[in-house]
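Undergrad: Listed here are the chains, written in short residue letters.
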Amino acid sequence: MKTTSDTSLDGLLDNGCGKPVSRLPQLARRQRETLQGYLLLLPSMIFIGLIIGYPLVRSLLLSLNRFKITQGIDSERFCGLCNYINLSRDPYLPIYFRNQVLWVVGATVFPILLALVLAVIMNQDLKLRWLWRAVILIPWMMPVATSALTWRWIFDKQWGLLNHYLMLAGFIQENVGFLTDRAWLWPSIFLVAMWMWFPYNYIALLAALQCIPNELYEAAKVDGANALKSFWYITLPGILPVISLLTVLGIIWSMNDFTTIYLLTQGGPGVDSTTMAPLVYTISFRHLNLGKGAAAGVTLMMISMVFAFIYLRRSRDEIQG
Amino acid sequence: MDTYRLKFHLSRILRTIFTYSVLIFLTAIIVTPFLWLLTSTLRPASELYVQPPRWIPNEITLAGYTKAFKVFATPLANSVFYGLTTALLSLLVACPAAYSLSRYLYPGKRAVIIILLITQMLPFVLLLLPLYISYLRLHLYNTRLGLIIGYTALTIPYSILLLRSYFASLPAELEDAAMIDGCTRMGALWRIVLPLSKPVLMAVILNDIVLVWNDVLFTIFLSKDISKQTASVALYLFYTLRQQSGGVAQKEIMLAGGVLLTIPVIFLFIFLQKYLVKGMTHGALKG
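Quick mapping for you: the protein sequence lines, in order, are chains A and B. Those letters in the first sequence? Residues 1 to 321, per my numbering, in order. Those letters in the second sequence? Residues 322 to 608, per my numbering, in order.
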C-alpha cells in the first residue's frame, strides 16, 4: 500500500515537473527499506542455508562420489553415475519400489477415508461431543515412538491383544505375527498409519464441512433428496478441494517419512517393508555406503519434487506475497 | 398423516442409531491402543504375559513407572530442554523473517516463500547424510549444541510460514500510526505486531516443541549417547536394542516409558489446543 503511493508520486515527479534532487531521499528511503527487509531475513536464511541448503547440494554431489565410511572419512572419490548404476542393479529394487507405492497409497488413502467418515458424523448434533472429540484426538497427541511401541505390543505374536480378539472372532486359527508374516504385514502397517495420521485430516475436513451452508441441505431436502444424495451432490463437491489438498500433502509426507516404518518394522521382515527413506538409512549406515545411500535419497527427492510442484501450483495464491 | 409422521420418526431414529453405532465402533478402535497401553503399565511384569489378555489386572502397581523414570529421566529432561530452546531460538529468528516477508517489498520475496515451502517437502533423511559428515568434522556430532542447531533449522521454515500469513492478516495501519508517533519499524514489530500475535506465537511454540519431542531422525543420525538423546529415541533404542541382544525385553519399563513420553504432550495440548487449531487453519490449509 505504501509503495503504490510512493510509485505514483514518483510517476508524478517523472512527468517533468519535479527536480531530480527531490527524488533522492525517496529512493534512499526505499533502498533502506529493501536493505532492512533483507537484513531481517538474513539470520533465518543462514540457518536454512547451512542446515538444509548446503546438505542438499552436498548430497547431490555425494551421490556422484564413491564414499564408503569404512575406508576413512577422506576416501570420497568422484565416480560419475556409479551409485545410480549400482542402485539400478540392486536385485531388491522392484521390492523397494512396490513397498514405496504401497506405503504412499495406503498411508494417504486410509487416514483420509477414516477422517472423512468421522468428520461427517461429528458434523451433526451429537450427545457427548467432548468425549468423541477427545478420543479422536488421542492418536494425534501420542508421540510416534509411543504409538509404534504400543502397536507392536498389540501385535505381539504370543501375548498380543489383536491375536486374542481375532481368535475369539474366529478369523484366525493360530497366532499370527502381524509384522513378520508377509500376508499380514501391509494390512497391519496400514492400520497403524491410518490410526496415527487420520486426526490431522479429520480437523481439516471438519473445518471444511462446517463451511458448507446449511441452507443447501435444507433446499435439497425440500427437493426430496435423501441423505446419500445430498452427501454426493452437496457435501462431496464442497470438500473436494480440501480432500485433494490433503491427498497431495499425504503423498508428500508419507513419501519422505522415515520414522513410522522404521520404528514399526525397521523395514523388515527382510526388506519386505523397506521404503525409500529407511532404505537411505540402511544403505548408508548398515552397509556403510554413503554414496549409494545418497543416490537413493536423491532419487526419492526427485519423485517428491514432482508432488511438491503440484502442491505449489495449487496453493499459488498463498504464495503471492 | 399419522403413519407418515410415524415413518418419518422411525427413519430418524434408525439413522441416529446407525450414526451412533458407527461412531462408537470407530472410537472404540481408536481408543483401544491408548487404554491397553495404560492398563498394561499398571500391573506387575508377570501379568503382562498371560493368556487370555486381561483388561483389569489382579494387582495394581506403579513399579514399571519408577523403573522407567530411572531409565528415561535424562532423555526426558533432554527433550524438554531441546524443545524449549529450539522454540525460543526458532521464534527469535523466524519473527523478523516473517515480518520482513509480510511487510517489506523487495525482489526475491516470492522465491524465498517458495523455498520455505519446498523445505517442507524434502526427504530429510537425504539431508542428514552430509550433515552427519559435517557434524563429525566440526565436532558437533553427539553434542547438545549440534542437535539444537539442527532442530532450529528444521523448525524455522514452518514457523516463518505460519507467522507470515498471520502478520499479513493484521492491518498495517496500526504500525503506520505507531511509526507516525515516532516508533521505528522494529519498535512497531515489538510493541504492536507481536502482542497482537499471541495465538500464532503459541501455535508456533507448540508446533516446535512437539516436532522436537517426536523427532527420531535427527537424533538418531546426529548423536549416539543416551545422555544426549531425546526421549523418543531413547525409548525406541531401549526396546530394539534389548530385543536384538536377546536380553530380557523388560516390557513393563518400555511401556511405562511410552506413557511418560505421552503425558507432557497431553498437557501441552490441553492447555494450548485452541491455539494449535487456529494456527493450523491459518497455515498449510489456507486457500
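Quick caveat, the hints were computed from the structure, so don't treat them as lab data. Computed from a predicted model, the values in this text were never measured in an experiment. There's no promise every hint is true.
In silico DSBU-like links for lysine-lysine, alpha-carbon gap of 30 Å or less [said to hold, decoys possible]:
1. LYS127/A with LYS391/B
2. LYS68/A with LYS545/B
3. LYS328/B with LYS430/B
4. LYS545/B with LYS430/B
5. LYS328/B with LYS127/A
6. LYS157/A with LYS391/B
7. LYS157/A with LYS430/B
8. LYS388/B with LYS221/A
9. LYS595/B with LYS388/B
10. LYS68/A with LYS127/A
11. LYS391/B with LYS519/B
12. LYS229/A with LYS430/B
13. LYS127/A with LYS229/A
Undergrad: Check the structure against each numbered hint from earlier and tell me which ones fail, lowest number first.
TA: 1, 3, 4, 7, 8, 9, 10, 11 and 12
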